[in-house]
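Respectively, the protein sequence lines represent chains G and X.
Quick note: the working numbering has the first sequence finishing at residue 262, numbered continuously throughout.
Quick note: the working numbering has the second sequence finishing at residue 649, numbered continuously throughout.
Since the hints were made in silico from the structure, they are not lab data.
Note that CB positions come from ideal geometry on N, CA and C, so glycine has one too.
Check the hints yourself; a few may be wrong.
Said to hold, decoys possible - Where chain G lies over chain X, by a calculated footprint (3+ residues, C-beta under 8 Å):
#, segment
1, 344-352
2, 366-375
3, 573-581
Unchecked claim - Cβ-to-Cβ under 8 Å is the rule here; a few derived chain X residues that face chain G:
#, residue
4, Leu328
5, Ile359
6, Gln361
7, Leu380
8, Gly382
Claimed, not checked - Covered stretches of chain G (chain X as the covering partner; in silico rule of three or more C-beta atoms under 8 Å from a C-beta of chain X):
#, segment
9, 87-93
10, 222-231
Each chain, letter by letter, is given below.
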Amino acid sequence: MDALTATVAWLLDPAHWSGTDGIPIRLWEHVWISALSVLTAAVIALPIGAFIGHTGRAASLAINLANIGRAVPSYAILVIVLPISLRLAPDLGYPPAWGLSEIPTFTAMTLLAIPPILVGTYAGLREVDRDLVEAARGMGMRERQILSRLEVPLALPVILGGVRTAAVQVVATATLGAVVAYGGLGRYLIDGIARNETDRLFAGVVLVAALALAVEGGFALIQRAITSPGLRASTGSGPAAGPRPYRQLAEVPRGGGEVGTA
Amino acid sequence: MAAERQAQVAATVEFEHVSKRYPGTQAGAGAAVDDLSFIVPAGKICVLVGPSGCGKTTSLKMVNRLIEPTNGRILLDGVDAASRDVTDLRRGIGYVIQQTGLFPHQTIGENVATVPRLLGWTPARRRERAEQLLAVVGLPPATYRDRYPSQLSGGERQRVGVARALAADPPIMLMDEPFGAVDPIVRERLQNEFLRLQEDLAKTILFVTHDIDEAIKMGDLVAVLQLGGKLAQFGTPEEILAAPASDFVARFVGADRGLKRLSLSRVRDLALIPAVTGRTGDDVRTVRDRILADPFHYMLLVDDLNRPVGWVHQEALPADGALVESMTESMSPLLDPRTTLKDALSMLLDADVQAGIVVDAAGAVLGLVTAEMIAERMRSGVAGSGA
Numbered sequence: 001m002d003a004l005t006a007t008v009a010w011l012l013d014p015a016h017w018s019g020t021d022g023i024p025i026r027l028w029e030h031v032w033i034s035a036l037s038v039l040t041a042a043v044i045a046l047p048i049g050a051f052i053g054h055t056g057r058a059a060s061l062a063i064n065l066a067n068i069g070r071a072v073p074s075y076a077i078l079v080i081v082l083p084i085s086l087r088l089a090p091d092l093g094y095p096p097a098w099g100l101s102e103i104p105t106f107t108a109m110t111l112l113a114i115p116p117i118l119v120g121t122y123a124g125l126r127e128v129d130r131d132l133v134e135a136a137r138g139m140g141m142r143e144r145q146i147l148s149r150l151e152v153p154l155a156l157p158v159i160l161g162g163v164r165t166a167a168v169q170v171v172a173t174a175t176l177g178a179v180v181a182y183g184g185l186g187r188y189l190i191d192g193i194a195r196n197e198t199d200r201l202f203a204g205v206v207l208v209a210a211l212a213l214a215v216e217g218g219f220a221l222i223q224r225a226i227t228s229p230g231l232r233a234s235t236g237s238g239p240a241a242g243p244r245p246y247r248q249l250a251e252v253p254r255g256g257g258e259v260g261t262a
Numbered sequence: 263m264a265a266e267r268q269a270q271v272a273a274t275v276e277f278e279h280v281s282k283r284y285p286g287t288q289a290g291a292g293a294a295v296d297d298l299s300f301i302v303p304a305g306k307i308c309v310l311v312g313p314s315g316c317g318k319t320t321s322l323k324m325v326n327r328l329i330e331p332t333n334g335r336i337l338l339d340g341v342d343a344a345s346r347d348v349t350d351l352r353r354g355i356g357y358v359i360q361q362t363g364l365f366p367h368q369t370i371g372e373n374v375a376t377v378p379r380l381l382g383w384t385p386a387r388r389r390e391r392a393e394q395l396l397a398v399v400g401l402p403p404a405t406y407r408d409r410y411p412s413q414l415s416g417g418e419r420q421r422v423g424v425a426r427a428l429a430a431d432p433p434i435m436l437m438d439e440p441f442g443a444v445d446p447i448v449r450e451r452l453q454n455e456f457l458r459l460q461e462d463l464a465k466t467i468l469f470v471t472h473d474i475d476e477a478i479k480m481g482d483l484v485a486v487l488q489l490g491g492k493l494a495q496f497g498t499p500e501e502i503l504a505a506p507a508s509d510f511v512a513r514f515v516g517a518d519r520g521l522k523r524l525s526l527s528r529v530r531d532l533a534l535i536p537a538v539t540g541r542t543g544d545d546v547r548t549v550r551d552r553i554l555a556d557p558f559h560y561m562l563l564v565d566d567l568n569r570p571v572g573w574v575h576q577e578a579l580p581a582d583g584a585l586v587e588s589m590t591e592s593m594s595p596l597l598d599p600r601t602t603l604k605d606a607l608s609m610l611l612d613a614d615v616q617a618g619i620v621v622d623a624a625g626a627v628l629g630l631v632t633a634e635m636i637a638e639r640m641r642s643g644v645a646g647s648g649a
């Protein structure tokens, strides 16, 4: 049996679709830790990105910090957090198992997700035509209104692009959780290697890749659904006459802040 | 348009020794705006004109405090702009910028209702106001309300920009090169439309342009600025063309200022020649008699609403029968009574038939104007009879 048919056979085996080591449970573990991490990262990175994008203040500092964070491997974060979260378990009253698995995985994935969201939000806001912002201000919009009614809607495709990148990276990297005894689809990879079962290993790879593609596709649909029809290149209804009156996503960010290498 | 006359109080705008200096600008570069003083009476258009870098846009932005003056005060109806809440101040001033600044993610209707929304109007009232204003600027609301800016032509977008600035019926409007991004023909039409609107609105308007012709055409008053943000001359267009205050002003208005004075008179200032008109179905023989009695051997075919269709030359008429549309050979440029003589002359020089047809707002024929009539007026030297 070659590797492909072995993998397919493994995936189709009903025994692998039930129990605590079954695909549905592993998939669920994988999805919820990824979703929680991306959500947490968004809660942290979106407001910061919006602030530095709108004001241009502290932009280089924030972007550089995020990029440094990106340079630290997720694996390193796992092993740094692990002893700390294990030791804090009795004091903070959470189960020691969390200290071993959930908390290190969650921390590493959240830190992984922050830079793309932060950079995407910042870059998206910076690309909004400054003339539009000034027009809004000149008509009497308050700064908060400029942000919520003009900058964020215009930057939304780019912001969502950052969240999408973060989500895909997290889904692919959350396999590392298995190293610290967390479940998730990474279990199949780690166990497959440990037991020298290539069919289990490859099945794990296929499942992770499929999940990442599904996340990618899902975000593409969301991005399309919530982008204003006025921002799509061709809206289909009526003739698009003449050149656009605004520079769309073409302006170099001002204030010297490096956008990084996203 | 009587419905537009709600609470229109235009306000006086007074610059009082206003200066703007930027810290740390290149050595040698002086002020952006230097000791600017002038008064724009309520309901007048004041055009700020000058070469790029003369501080005209800076001056404009100091009125709605996008830029704060370093020295001096700007008084709106006697009240220092600096003493007012900046957001309230801005919501009470219409603002039209270059390239229109329309929000690309919002529909035309939403764009126009921007300030009403900020002021907390109900959605129904906002929609009604947006539709009313779109109609005022000549864009049928049913067609345009739900479109997006990227679906409009440059000229249409400029109109939306004007409608948006008018939304909350502000007493003051600031217009920064509002017609800068469209081709000359569309610009000419937008200028005329805007002047027609202003006859009803009577707002106090500060208008920035780098184009002296536009300044002369649009302004009741013109402030010529020179590099370093100094006021080179302030006066009516007639005064500036007739007596430039300095070499700079004389050079800026150009050597052809005699010709430019044609911009100060409009087609409606001329005694128009009545046109010989006929409608389809008229008897050819009576038409011919009327043409022969006229020095201008053409007849203008018009439709039921008296709108011109085309010229019929006497030689194109058959011996008898009825007038039909296929007898027309050519058309002339259609002129608005507000068209300046300068623009009218240039259109006539480009056209086949030597007479321009002057039409009213509904497109009905008012009369004819010829290049000779304009030349005659230049010779008689009364070009400055005014707008």
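For each hint, the structure was consulted:
Note: the segment 344-352 of chain X has 4 residues with beta-carbon separation from chain G under 8 Å; the three-residue rule is met and the coverage holds. Coverage of a stretch by a chain is defined here by at least three residues with a beta carbon nearer than 8 Å to that chain's beta carbons; for the segment 366-375 of chain X and chain G the count is 4, and the condition holds. Remark: the segment 573-581 of chain X is not confirmed as covered by chain G, as 0 of its residues place a Cβ nearer than 8 Å to a Cβ of that chain, below the required three. Below 8 Å, beta-carbon pairs count as interface contacts, and Leu328/X has one with chain G at about 5 Å; its hint therefore holds.
For Ile359/X, the interface hint holds, since its Cβ comes within 8 Å of a Cβ in chain G; the closest pair sits about 5 Å apart. Interface restraint check for Gln361/X: the shortest CB-CB distance to chain G comes to about 5 Å, inside 8 Å, so the restraint holds. The interface hint given for Leu380/X is met, as the beta carbon of that residue sits about 6 Å from the closest beta carbon of chain G, less than 8 Å. For the restraint placing Gly382/X at the interface with chain G, the shortest Cβ-Cβ distance is roughly 12 Å, beyond the 8 Å limit, so the hint is violated.
For the segment 87-93 of chain G, the stated coverage by chain X is not satisfied: 0 residues place a CB nearer than 8 Å to a CB of that chain, which falls below the threshold of 3. Under a criterion of three residues with beta carbons nearer than 8 Å to beta carbons of chain X, the stated coverage of the segment 222-231 of chain G is upheld, 4 such residues being counted.
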